[in-house]
Structures are given as C-alpha cells and as structure tokens.
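Peer 1: Residue strings, one per chain:
Protein chains: 2
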Amino acid sequence: MRKCFVLILFLGWAIMSTATAAPFAIIIHGGAGTITREKLTEEKAREIRATLAKAVNAGYRVLEQGGKAEDAVTAAIVVMENAPLFNAGKGAVFTADGRHELDASLMRGQDLQAGAVAAVRHTRNPILAAKAVMLHSPHVMLAGDGADQFAREQGLEQVENHWFDTPYRKAQWQRARQTASQSLSEELLDDNNPHKDDKFGTVGAVALDQYGHLAAGTSTGGMTNKHYGRVGDSPIIGAGTYADDRSCAVSATGHGEFFIRYTVAHDICARVRYRKESLKQAARQVILQELKTVGGDGGIIALDRQGKPVAVFNTAGMYRGWRTSNQAQPVTGIYEAGDER
Amino acid sequence: MRKCFVLILFLGWAIMSTATAAPFAIIIHGGAGTITREKLTEEKAREIRATLAKAVNAGYRVLEQGGKAEDAVTAAIVVMENAPLFNAGKGAVFTADGRHELDASLMRGQDLQAGAVAAVRHTRNPILAAKAVMLHSPHVMLAGDGADQFAREQGLEQVENHWFDTPYRKAQWQRARQTASQSLSEELLDDNNPHKDDKFGTVGAVALDQYGHLAAGTSTGGMTNKHYGRVGDSPIIGAGTYADDRSCAVSATGHGEFFIRYTVAHDICARVRYRKESLKQAARQVILQELKTVGGDGGIIALDRQGKPVAVFNTAGMYRGWRTSNQAQPVTGIYEAGDER
Numbered sequence: 001m002r003k004c005f006v007l008i009l010f011l012g013w014a015i016m017s018t019a020t021a022a023p024f025a026i027i028i029h030g031g032a033g034t035i036t037r038e039k040l041t042e043e044k045a046r047e048i049r050a051t052l053a054k055a056v057n058a059g060y061r062v063l064e065q066g067g068k069a070e071d072a073v074t075a076a077i078v079v080m081e082n083a084p085l086f087n088a089g090k091g092a093v094f095t096a097d098g099r100h101e102l103d104a105s106l107m108r109g110q111d112l113q114a115g116a117v118a119a120v121r122h123t124r125n126p127i128l129a130a131k132a133v134m135l136h137s138p139h140v141m142l143a144g145d146g147a148d149q150f151a152r153e154q155g156l157e158q159v160e161n162h163w164f165d166t167p168y169r170k171a172q173w174q175r176a177r178q179t180a181s182q183s184l185s186e187e188l189l190d191d192n193n194p195h196k197d198d199k200f201g202t203v204g205a206v207a208l209d210q211y212g213h214l215a216a217g218t219s220t221g222g223m224t225n226k227h228y229g230r231v232g233d234s235p236i237i238g239a240g241t242y243a244d245d246r247s248c249a250v251s252a253t254g255h256g257e258f259f260i261r262y263t264v265a266h267d268i269c270a271r272v273r274y275r276k277e278s279l280k281q282a283a284r285q286v287i288l289q290e291l292k293t294v295g296g297d298g299g300i301i302a303l304d305r306q307g308k309p310v311a312v313f314n315t316a317g318m319y320r321g322w323r324t325s326n327q328a329q330p331v332t333g334i335y336e337a338g339d340e341r
Numbered sequence: 001m002r003k004c005f006v007l008i009l010f011l012g013w014a015i016m017s018t019a020t021a022a023p024f025a026i027i028i029h030g031g032a033g034t035i036t037r038e039k040l041t042e043e044k045a046r047e048i049r050a051t052l053a054k055a056v057n058a059g060y061r062v063l064e065q066g067g068k069a070e071d072a073v074t075a076a077i078v079v080m081e082n083a084p085l086f087n088a089g090k091g092a093v094f095t096a097d098g099r100h101e102l103d104a105s106l107m108r109g110q111d112l113q114a115g116a117v118a119a120v121r122h123t124r125n126p127i128l129a130a131k132a133v134m135l136h137s138p139h140v141m142l143a144g145d146g147a148d149q150f151a152r153e154q155g156l157e158q159v160e161n162h163w164f165d166t167p168y169r170k171a172q173w174q175r176a177r178q179t180a181s182q183s184l185s186e187e188l189l190d191d192n193n194p195h196k197d198d199k200f201g202t203v204g205a206v207a208l209d210q211y212g213h214l215a216a217g218t219s220t221g222g223m224t225n226k227h228y229g230r231v232g233d234s235p236i237i238g239a240g241t242y243a244d245d246r247s248c249a250v251s252a253t254g255h256g257e258f259f260i261r262y263t264v265a266h267d268i269c270a271r272v273r274y275r276k277e278s279l280k281q282a283a284r285q286v287i288l289q290e291l292k293t294v295g296g297d298g299g300i301i302a303l304d305r306q307g308k309p310v311a312v313f314n315t316a317g318m319y320r321g322w323r324t325s326n327q328a329q330p331v332t333g334i335y336e337a338g339d340e341r
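Chains as they are written, first to last, in this note's numbering: chain A, 1 to 341; chain B, 1 to 341.
Next comes chain A alone, as it looks inside the complex:
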C-alpha cells in the first residue's frame, strides 16, 4: 500500500514535470522595411522595442498559464493593433478616399481551422474579427461591410472609421496623394524617404503552446492611399498567414503582391513538410533567394513544434520580438540579425 502511494506520487510528479517542461514560445513582428539606425532615433527605437516586448509578454502570459496558441497570437496582436506605432488597428494608413480598411487573418495548426477579414472599417480589433470567423462561422473569409456586420453580431467593439486616424498617418496620406503614389506603409521618421521603400507596419504573431499546437495571425491597414479595393497578403491564408502542426506556422509582412504570388507562408511550410528542410533553411530559401531575386521585399516570423523562433527578412530591418519558455525576458530586434538586445 505504501509502495503504491509512493509510486502514484512519483507518477504524478513525472506527469507534472513533463507537462511543465513542454516547450512553448511566441514570436511577433511589427513590419519589415527600410528601417536603419540612421532613420530611427534612439528614443523611437526604445518606444518600439518597449511595445514589442509588451506584445510578446501578453502572448507569453497566455501560453504560460496553459492557454492556446491561437489565444496567445491574438493577445499579442491586440496590443500592437491598439498601439498607434504600427500599421494595424489604431494607426492604420489611409486609403485613397481618406478612410481606413483593415485586413486580418488567423489560423491554427491543430486542425487547419482559419478565419480572415478583408476591408473592415468599424471593428476596433480586426484580429478578433478573424478569430470570430474562425470559431463561429462556417466560412474562412469575409470581406467589406459583411465582415463588420458579422463582427458586430459577435459582440466585437465597433468604432467610427475616423477612430483609426492618427496625425502621422494623415500627413503621410496627404503627401502620398500629392505624389499620387501608393506607399505600402510608412516612412516612419524620414519624410524624404522615397515611397517605394516604405513597406512596413503590418503586425503578426506566431505561437507554440504547451500542448504542441501552433497558430499564426497577421493584421494590417494595407497600403497608404490604396484604391480599387486592393487586398494584400495579410488576409490571405497561405500567403500572409499559415499554420499546420505537421510543419510550421508563419506570419509574413512586406510587399503583399509578391507574398500572394509566391504563396509564401504555405510554401515555407511545404518545404519543411515535403522537402524536410529545417524551418530556418526553408524561410531563408523563400525570403532571401526566391523573393529577393524578383524584388519581393519583406520578411517572416515562424515557429515549428520545437519552438525555436525564426525571423528572416530581406529588408534593412524588421520590428520583431520573441520569448520562449526558457527565457526570463522577451528579446526584441529592429535591424539586422544579431542586434537583439
């Protein structure tokens, strides 16, 4: 009887320690582009790093408490959507007609369930609309007024379109109108920066939870001064977002047209699954070879079930941050690999 009790205690301990030892991780991005030390003041860089760390920790807490990967992803993205620093949610760029149209998507790797919204105008947190589509709709993608209507019916907070306004984005839009150009996102600090190089601001997150499940999400305000109802890669499952427990989970940012044509997020996972490339190798091949060759600027963040964070970009910089279950603090990065604090 006593032996049995000891055995049960030991088994209980073994199960507990296995459970707590299961690796978990989160990695996020806040966009990729021509981000250099010359363009970014130390103060602005600190502010961005602090917000990235806050977003990482929001997701990390969900994972630490035994939450799901998809909930960690949305927790992190909500922090970035609410921060005016990024081109997603509050702080989104202006369309040609002076409004905001927001896109987001979410996918989980366990059962390949996914949700996406395109061109929402009133849902405060588009990533939560994408989640509602994934969880409470038979559909994967809703667009325009219908997407807002669905989000409203799901009880998600609605705001006037001008709630997304920020003085910085308005000024950027007015400059873009003058030059009739379409900027993929922003010139964060340098007004003289040619528009073609200003492709950052989209946000995204990828998480691995304690149950070994992956999830990925992406949220964006699209292109400054966009018209014709242009849809980029962020709400496209396979392009801007993909998650499959059999391979990996990816969130992308950059020149969306290239990311759609190269089905970037799915292609990275396909290389891992079919060609048995490591996640890092697959991501480097797609971003640094295929996309770079054709001028497809941007980058990705990704995780596989081992939970080692991967961030690859072919631009001068990519706002990013991550934290794994063996890290006491988040790590954030802005410029080339190796600048992490």
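Worth double-checking, as some hints may not be accurate.
Stated by the list, open to error - List of simulated lysine-lysine pairs, DSSO-like, C-alpha gap at most 30 Å:
1. A:LYS292 to B:LYS276
2. A:LYS276 to A:LYS308
3. A:LYS39 to A:LYS54
4. B:LYS44 to B:LYS308
5. A:LYS276 to B:LYS170
6. B:LYS54 to A:LYS276
7. B:LYS292 to A:LYS68
8. B:LYS54 to B:LYS170
9. A:LYS292 to B:LYS68
10. B:LYS54 to B:LYS39
11. B:LYS54 to B:LYS44
12. B:LYS292 to A:LYS308
13. A:LYS276 to B:LYS292
14. A:LYS280 to B:LYS39
15. A:LYS276 to B:LYS39
16. A:LYS68 to A:LYS39
17. B:LYS276 to B:LYS39
18. A:LYS68 to A:LYS308
Said to hold, decoys possible - Selected chain B positions facing chain A (Cβ under 10 Å, derived; list incomplete):
19. GLU64
20. GLY67
21. ASP71
22. MET107
23. VAL117
24. VAL133
25. GLY256
26. PHE258
27. ARG261
28. HIS266
29. CYS269
30. TYR274
None of these hints come from the bench; they were simulated from the model. Bear in mind the structure is a predicted one, so any value in this text is a computation, not a measurement. Even for Gly, the Cβ is constructed at its ideal location relative to N, Cα and C.
Dock chain B against chain A, hints included.
Peer 2: Relative to chain A, chain B alone:
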C-alpha cells in the same frame, strides 16, 4: 550553293517541325458535386457536354494558333461565363440580398504573375477583370466596387447586376431563403436534393501552350444566398488557382473553405516540386486523401509541362473536358472517371 540551299531548307523544316511538335493542351471544369445519372436527364447532359466542348475548343484554337496559355484559359472561361448553365458570369447564384457577387482569378506559370477580383457586381466577364488586374495593375487582388471601377477603366463591358439573373437561380435562391440555408451552388435538376450536396457550378481552365508555359484560371458566382461578404477559394491565389512552370497549374472547385485552409492548388504544385510526386499522384493525395478525410468536397483539373490532362474529384461527378495537341476532338466527362465519350 545548291548544298547550302538544301541545308537551309532542311533546317527550316526541322525548326518548323520542332515548333509544331511542341505539345499543348487545355482542360476545363464546370464544377464538381452530387452529379449522378439519376439526377441529370440525357438531354441536359448533352447540353452540358456540348457547352464544355465549345469552351475547350475556344481555348484550343488559341493554343493551336500559337497563342499564350493565359489567353487560352480566358477564352475557355468566357464561353462558360456567358453560358447560363454554370455558376459563373451569366447564371451566377444570388446572394442573401438578391444580387450577384462574382469572383475570379488568373495566374501564369512563366513568371508567377497573377490577378484576381472578388465581389464584382457589374463586370460582365469577371475572368477578364482578373486578367486586366494581372496585366495592367501593380496589384494581385482587387475587391468590391474598386474591382468593378478598375475593370470599367480598363474598358471591360459593364452590365446591370440583374443582367446576371436567370429564372433557375432565382427560384433556387428563393428556396434557399425559405430554408435559410446557404448552398454552395446548385441543385441542377433535382429540387428535393438537400442543399448541402449542391456544390457545383464554379468554372475553371488550365492550359499548356506551345512555348511550354502554363496558366490557370477560375470564375464563380459563389454560394447561393451567401451573406457577410463571404469569399470562397476561387479568387484566392494558392487555393482555387495556381500556376508555376516549375511544377504545375491547377484550377479547383468545391467547398471553398476547405480549399482555402488546405491551400489546395499550391499544395498540389508543392508536392510535385518538392516531393517529386507525379501530378496525378499529388492531386489524388490532396483530393482523395487529405480533403476527403475532413469532408472537403470538390475536385481539381491540372496540367504539368508534359501536357497530360489530370482531373480528380471526390464527389459523384465533375463537369470537365479537355483536348491535347494529339486529339482531333475534345473529350468531355460528367460522372466518374472513365465515362468520357
């Protein structure tokens, strides 16, 4: 001198015969679903086969005359969009608010250029709008009013939304409203057919031209009684349509949500490219294994650079037709493989 002349003649003949010997091919579909001999009268089946053959030949003529794969694809799809038999262009299903919202996409394998439109309401041939986006826009995907505006500015024929009406689709929509169900397309002949099995009508085409280039396109009216601005797989590059000269070209039809989540068109090409599966093997694996297991009804048509037509579906039937450069006439099929005339 005489020898030289003979040599030139011979060389000319050799070049000509190489050029004309380059294989070319086109394959099309008009949707997959619960299409059985019991449900389809002989007369209706003949009408459908005749229209499929007409569409195949429209594309074939382009290829035979040395035209591009992308032009063959659009020529074939325009025939099906203009025919009221299919859920694309004229004859498209009704949305919840009694209108029509049409989606289409086109991609070519030579340089991975692509174009797509979602929720157009006034452009008579949505596939031509997708082509205009591919050829004359810096973007890949345009949605809603902006997509129609772009098509109009490109000189594409505009029609009133009710131009797409057909009595059959109107009756189908009214029945769907009564049962508040959303039908993915149509019950072509059997009014008592439960809605969940009525998933056909989307059209698509895949071509290989004499220059060895691939292209794929897809066009649809979406789901009967659809609301919330639901977007299916047809306008999603990677899901409903993909073309890459390095692997294959695919057009899909079926329950769009599954085709988006499984990135079906790109996944088939990824298996060919990375796992060196044959096109047929890859298509069967995705459609008959992965999708069938999770209830993802539908099918695909595809070509690789060898030009052997592949049609795979996990439903009772798929409207399809093809013609290769060594066939005198098109072949069409409706029910299981082997029923081709």
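Peer 1: Hint B:GLU64 vs chain A: min CB-CB distance below 10 Å?
Peer 2: 29 Å, violated
Peer 1: Quick check on B:HIS266 please, does its C-beta sit within 10 Å of some C-beta on chain A?
Peer 2: Interface hint status for B:HIS266: holds (4 Å vs cutoff 10 Å).
Peer 1: Decide if the proposed pair is consistent with the structure: B:LYS276 and B:LYS39, CA atoms, cutoff 30 Å inclusive.
Peer 2: Violated, because 39 Å separates the two Cα atoms, which is more than 30 Å.
Peer 1: CA of A:LYS276 to CA of B:LYS292, is that 30 Å or under?
Peer 2: 25 Å, holds
Peer 1: Have a go at the B:TYR274 hint: is there a Cβ in chain A nearer than 10 Å to its own Cβ?
Peer 2: Interface hint status for B:TYR274: holds (4 Å vs cutoff 10 Å).
Peer 1: Below or equal to 30 Å on CA atoms is what counts here, so check A:LYS68 against A:LYS308.
Peer 2: Holds, at about 18 Å.
Peer 1: Compare the distance between the alpha carbons of A:LYS276 and B:LYS39 with 30 Å, and conclude whether the hinted pair is satisfied.
Peer 2: 46 Å, violated
Peer 1: Quickly compare the C-alpha distance for A:LYS39 and A:LYS54 to 30 Å and report which way the hint goes.
Peer 2: Given pair A:LYS39, A:LYS54 holds - Cα atoms ~23 Å apart, limit 30 Å.
Peer 1: Are the Cα atoms of B:LYS44 and B:LYS308 separated by 30 Å or less?
Peer 2: Holds - the C-alpha atoms of B:LYS308 and B:LYS44 are around 28 Å apart, at most 30 Å.
Peer 1: Would you check the hint for A:LYS276 and A:LYS308, treating anything up to 30 Å between C-alpha atoms as holding?
Peer 2: Since the Cα atoms of A:LYS276 and A:LYS308 sit roughly 16 Å apart, the hinted pair holds (cutoff 30 Å).
Peer 1: Check whether the Cα positions of B:LYS292 and A:LYS308 lie no farther apart than 30 Å.
Peer 2: Cα-Cα ~33 Å, so violated.
Peer 1: Quick one, is the B:MET107 hint okay against chain A at 10 Å, beta carbons?
Peer 2: 8 Å, holds
Violated hints, in rising order: 5, 6, 12, 14, 15, 16, 17, 19, 20 and 21; the structure is consistent with all others.
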